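*Asks:* Quick mapping for you: the protein sequence lines, in order, are chains V and Z. Taken in order, the first sequence gives residues 1 to 429; the numbers are from the numbering used here. Taken in order, the second sequence gives residues 1 to 410; the numbers are from the numbering used here.
Mixed in with the good hints there might be a few duds.
Each computed SDA-like pair below joins lysine to any residue, with the alpha-carbon atoms no more than 25 angstroms apart [claimed, not checked]:
1. V:106 with V:297
2. V:308 with Z:18
3. V:81 with Z:49
4. Z:287 with V:177
5. Z:56 with V:90
6. Z:52 with V:83
7. V:301 with Z:165
8. Z:17 with V:387
9. V:58 with V:297
10. Z:53 with Z:65
11. V:106 with Z:5
12. Z:128 with V:145
13. Z:393 with Z:39
14. V:106 with Z:23
15. V:89 with Z:10
16. Z:287 with V:359
17. Z:56 with V:387
18. Z:30 with Z:310
19. Z:17 with Z:345
20. Z:287 with V:37
Since the hints were made in silico from the structure, they are not lab data. This structure is a prediction, so every number in the text was calculated from the model and none was measured.
Here are the chains, one letter per residue:
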Amino acid sequence: NNDVNKGVILSTVLCTDELIIHLIWCLYSSWWGGVQMGPPDPILGVTEAFKRDTNPKKMNLGVGAYRDDQGKPFVLSCVRKAEAIITSKQLDKEYLPIGGLGEFSKACAELALGADSEVLKSGRNITVQTISGTGSLRIGANFLSRFHGGPLDVYLPKPSWGNHTPIFRDAGMQLKAYRYYDPSTCGFDFKGALDDISKIPEQSVIMLHACAHNPTGVDPRPEQWKEISDIVKKRNLLVFFDMAYQGFASGDIDRDAWAVRYFIEQGHNIVLSQSFAKNMGLYGERVGGFTVVCNDAEEAKRVESQLKILIRPIYSNPPMNGARIAATILNTPDLRSIWLGEVHGMANRIIKMREQLVAGLKKEGSSHNWQHVIDQIGMFCFTGLKPEQVERLTKEFSVYMTKDGRISMAGVTSGNVGYLAQGIHAVTK
Amino acid sequence: MSVFSEVPQAAPVAVFKLSQDFSNDQFPQKVNLGVGAYRTDEGQPWVLPVVKKVEKIIVHDDRLNHEYLPILGLPEFRSSASKIALGDDSPAIQEDRVGAVQCLGGTGALKMGAEFLRRFYNGNNNTKTPVYVSAPTWENHNAVFANAGFDDVRPYKYWDAENRGLDLAGFLGDLESCPEHSIFVLHACAHNPTGTDPTQEQWMQIADIMMRRKLFVFFDSAYQGFASGSLEKDAWAVRYFVSMGFEMFCAQSFSKNFGLYNERVGNLTIVAQDADNLKRILSQMEKIVRTTWSNPPSQGARIVAITLNSPELFSEWKDNVKTMADRVLLMRAQLKAKLQALGTPGTWDHITEQIGMFSFTGLNSKQVEYMVKEKHIYLMASGRINMCGLTTKNIDYVAESIHETVTMVQ
């Protein structure tokens with residue numbers, strides 16, 4: 001097909017007049033005739049469909065962006081304060097180093113690992129600023145693809161964030177899965193997970209969601225994390241933590257980082273992706289970090305040099321604005337304090353919405369067990385709705401969500417939770 | 001036993017190492033002629049006055065938030081940025097066949113274009129299509145295309161070291177002899193690192209051959225406005241190629257002409273044959289963006305969009321750009337005059353004939369080493385200097401040092 005679109009091709013099948021027309025057509029043909037229309041992104045595509053809908057009661061429960069109880073985007077006051085401070089400093093706009101803003105990377109690592117972490121004290125981590133969580137995962141995937149001595153197989157929990165798969169695939173790794181979500185309980189398939197993990201070939205890469213699993217909202221309990229750590233250690237797997245919701249899950253940043261810190265204490269040299277999109281509301285500023293925990297500072301230096309080599313041909317160096325805001329917040333005690341309160345507030349509102357949704361469903365007369373809506377944690381809820389039910393919910397009620405039955409609780413307000421309960425009841429009764 | 005124990009130490013990126021060495025140098029008269037960023041006559045970074053103004057507007061506008069941009073970026077930014085490259089009255093824009101992807105700087109735009117081409121150009125996933133970059137070129141071009149999966153990144157003849165000018169015959173020869181459908185990375189203006197651009201007549205010759213031999217046009221436009229002080233003049237080559245009917249890419253950077261280096265503001269302008277092609281191309285670009293950075297950073301794009309879409313701010317911006325371009329032109333004129341006055345061996349016309357931020361001095365690596373070690377003047381091993389590093393206060397020292405170096409070291 002591409003050949004037909006390039007230059008002039010003689011066809012012996014056509015007669016003279018048709019041949020001339022065909023040649024003229026070829027002459028004016030495009031390089032891109034063979035390019036198919038790409039499918040809309042499943043998650044971001046939901047927002048785009050939502051925008052086109054004219055129903056006044058429409059609800060966007062697709063993308064995981066926090067909304068306040070009026071359904072509006074929420075700019076944290078610590079962010080506004082940090083921005084005012086930054087403006088007053090009249091800083092220049094010189095290129096950041098390839099690895100990003102130093103004060104940001106340091107604070108980012110401390111937030112995840114804890115200020116008293118032995119890893120930080122010995123300088124055996126390298127943390128670089130990245131283009132939010134996606135950019136961090138991509139750099140990590142590229143790094144592993146290039147340097148990981150073990151099998152280039154990444155084991156994702158089933159299910160996982162939709163974008164994990166194409167990120168790792170594009171970086172040249174193979175995707176595999178371990179059992180995680182139990183649809184019969186809408187909870188954690190602990191036995192299945194341990195069973196699958198125990199069979200993963202040594203030195204493979206295992207992806208773990210640090211907290212507030214996306215899309216299910218189902219997290220292992222601490223005792224379960226301990227067993228997972230043990231079996232992962234036995235299998236000698238390389239742990240890749242994705243932490244996009246620190247603070248957002250329980251409302252407490254240390255509690256949400258517990259698994260990451262526990263694994264490190266247990267001797268796992270992890271790699272870690274962090275995002276500040278949700279917990280600081282800095283979505284469009286693209287603030288994230290990528291950390292490799294190494295054996296020692298010398299190894300960290302070598303790894304750092306290679307990360308720079310990877311980053312340079314993608315975007316040279318990262319954007320300043322968001323990292324500067326995040327660093328200012330993390331490193332200014334007053335602002336940090338305000339931030340912790342605001343994160344707590346966001347998490348609490350979500351917990352309240354979960355409770356109100358379940359209460360609403362009971363009120364509608366639903367006979368199903370909706371306990372999982374309360375048990376799950378973080379921004380997302382895996383409702384258990386089937387694709388046909390999701391489709392009905394969207395078509396008949398203008399409630400937009402992803403096909404897997406995932407809803408973003410952040411899009412639920414006290415004003416619309418009743419309507420949502422109505423809709424869910426209607427499609428599940 | 002670590003999984004990373006075998007990871008070798010990579011060599012540092014040269015241009016950043018140079019800056020670091022400069023930072024560590026204690027010599028009071030040191031001069032940094034390395035990294036490509038504008039400096040005032042006081043040797044300071046310059047945040048454009050129009051940028052400061054617009055940033056205040058943004059910070060005080062309570063309607064603005066930090067929500068995700070669309071995958072392809074801020075629409076007002078993408079369209080106004082493409083207009084800057086192609087012209088307000090561009091027929092291609094009027095025909096709805098121009099689209100754009102907001103990217104992280106010029107690097108990001110090159111990266112997105114390269115990733116798309118590797119997947120969809122000249123057969124699916126064709127990693128064997130030769131990609132030609134000028135000899136010499138910006139040192140990151142090679143890596144961008146190689147990392148996007150192209151196996152065969154090659155030089156095309158460009159710089160004539162002996163005559164310190166464009167090797168037109170060599171360039172045209174490579175265009176004639178390369179495999180059909182090869183991809184060529186062209187510098188829209190202010191060639192980095194040589195500062196030597198083809199004339200309009202030469203561009204027309206280049207375009208003719210590229211059209212006839214079905215070569216792919218990929219412009220790198222990092223200095224529009226910065227080179228001559230005129231946006232239109234600096235975009236002449238890009239616009240000429242569009243008028244010739246090429247389907248092409250143009251990677252734009254707003255790092256230099258807006259002084260927004262660290263906000264990573266770039267735009268990949270796509271000129272397609274028709275609206276349907278464009279739609280399909282953009283849909284595939286979305287997929288590539290999604291697995292690289294999901295969506296681009298908003299701050300820098302907002303600043304540029306607000307500026308370009310307001311007649312007053314746009315006018316102020318053009319003045320700011322001219323200020324920068326004029327200072328560079330002044331330094332060029334003064335450096336040449338001083339070298340000639342000193343009677344420095346060799347000809348120095350190329351300093352004022354070359355255009356943009358950089359000058360290829362013609363100093364060889366031994367001479368460069370002398371300049372760095374003995375005179376504490378930091379420049380790239382290739383002999384490339386950043387004219388912005390020159391000021392009225394250090395130009396005498398630099399001229400004298402060049403004079404000394406050229407006479408002492410061969």
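*Asks:* Could you run down the list of hints and mark each one as holding or not?
*Replies:* Going down the list of hints, with the structure as the test:
Using a Cα cut-off of 25 angstroms, the hinted pair residue 106 of chain V and residue 297 of chain V holds, with the two alpha carbons roughly 15 angstroms apart. At roughly 16 angstroms between alpha-carbon atoms, residue 308 of chain V and residue 18 of chain Z fall within 25 angstroms of each other, so this suggested pair holds. Of the pairs offered as hints, the one joining residue 81 of chain V and residue 49 of chain Z holds, with about 23 angstroms between alpha carbons and a cut-off of 25 angstroms not exceeded. With a C-alpha separation of about 22 angstroms, the suggested pairing of residue 287 of chain Z with residue 177 of chain V holds against the 25 angstroms cut-off.
With a CA separation close to 11 angstroms, the supplied pair residue 56 of chain Z and residue 90 of chain V stays within the 25 angstroms bound. Restraint check for residue 52 of chain Z and residue 83 of chain V: satisfied, since their Cα atoms lie roughly 14 angstroms apart, inside the 25 angstroms limit. For a cut-off of 25 angstroms, the pair hint linking residue 301 of chain V to residue 165 of chain Z is broken: about 42 angstroms separates their Cα positions. With a C-alpha separation of about 54 angstroms, the suggested pair residue 17 of chain Z and residue 387 of chain V falls outside the 25 angstroms cut-off, and the hint is violated.
About 53 angstroms separates the Cα atoms of residue 58 of chain V and residue 297 of chain V, which puts this hinted pair outside 25 angstroms; it is violated. Under the criterion of a C-alpha separation no larger than 25 angstroms, the hint pairing residue 53 of chain Z with residue 65 of chain Z is consistent with the structure, at around 18 angstroms. Restraint check for residue 106 of chain V and residue 5 of chain Z: the C-alpha separation of about 23 angstroms stays at or below 25 angstroms, so the hint holds. Between residue 128 of chain Z and residue 145 of chain V the alpha-carbon distance is near 21 angstroms, which keeps this suggested pair within the 25 angstroms criterion.
A threshold of 25 angstroms between alpha carbons decides the hint, and for residue 393 of chain Z with residue 39 of chain Z the separation of about 13 angstroms falls inside it, so the pair holds. For the proposed pair residue 106 of chain V and residue 23 of chain Z, the alpha carbon gap of about 22 angstroms is at most 25 angstroms, so the pair holds. Straight-line distance between C-alpha atoms of residue 89 of chain V and residue 10 of chain Z comes to about 36 angstroms, which puts the hinted pair past the 25 angstroms bound. For the suggested pair residue 287 of chain Z and residue 359 of chain V, the alpha carbons sit about 40 angstroms apart, so the restraint of at most 25 angstroms is broken.
Between residue 56 of chain Z and residue 387 of chain V the CA atoms are separated by roughly 47 angstroms; this puts the pair beyond 25 angstroms, and the hint is violated. Taken as a hint, the residue 30 of chain Z and residue 310 of chain Z pair is broken in the structure, with Cα atoms around 41 angstroms apart against an allowance of 25 angstroms. At most 25 angstroms may separate the alpha-carbon atoms for a hinted pair to count; residue 17 of chain Z and residue 345 of chain Z exceed this at roughly 31 angstroms. Restraint check: the Cα-Cα separation between residue 287 of chain Z and residue 37 of chain V comes to about 11 angstroms, which is no more than 25 angstroms; the hinted pair holds.
Against the hints set out earlier in the document, violations occur for numbers 7, 8, 9, 15, 16, 17, 18 and 19.
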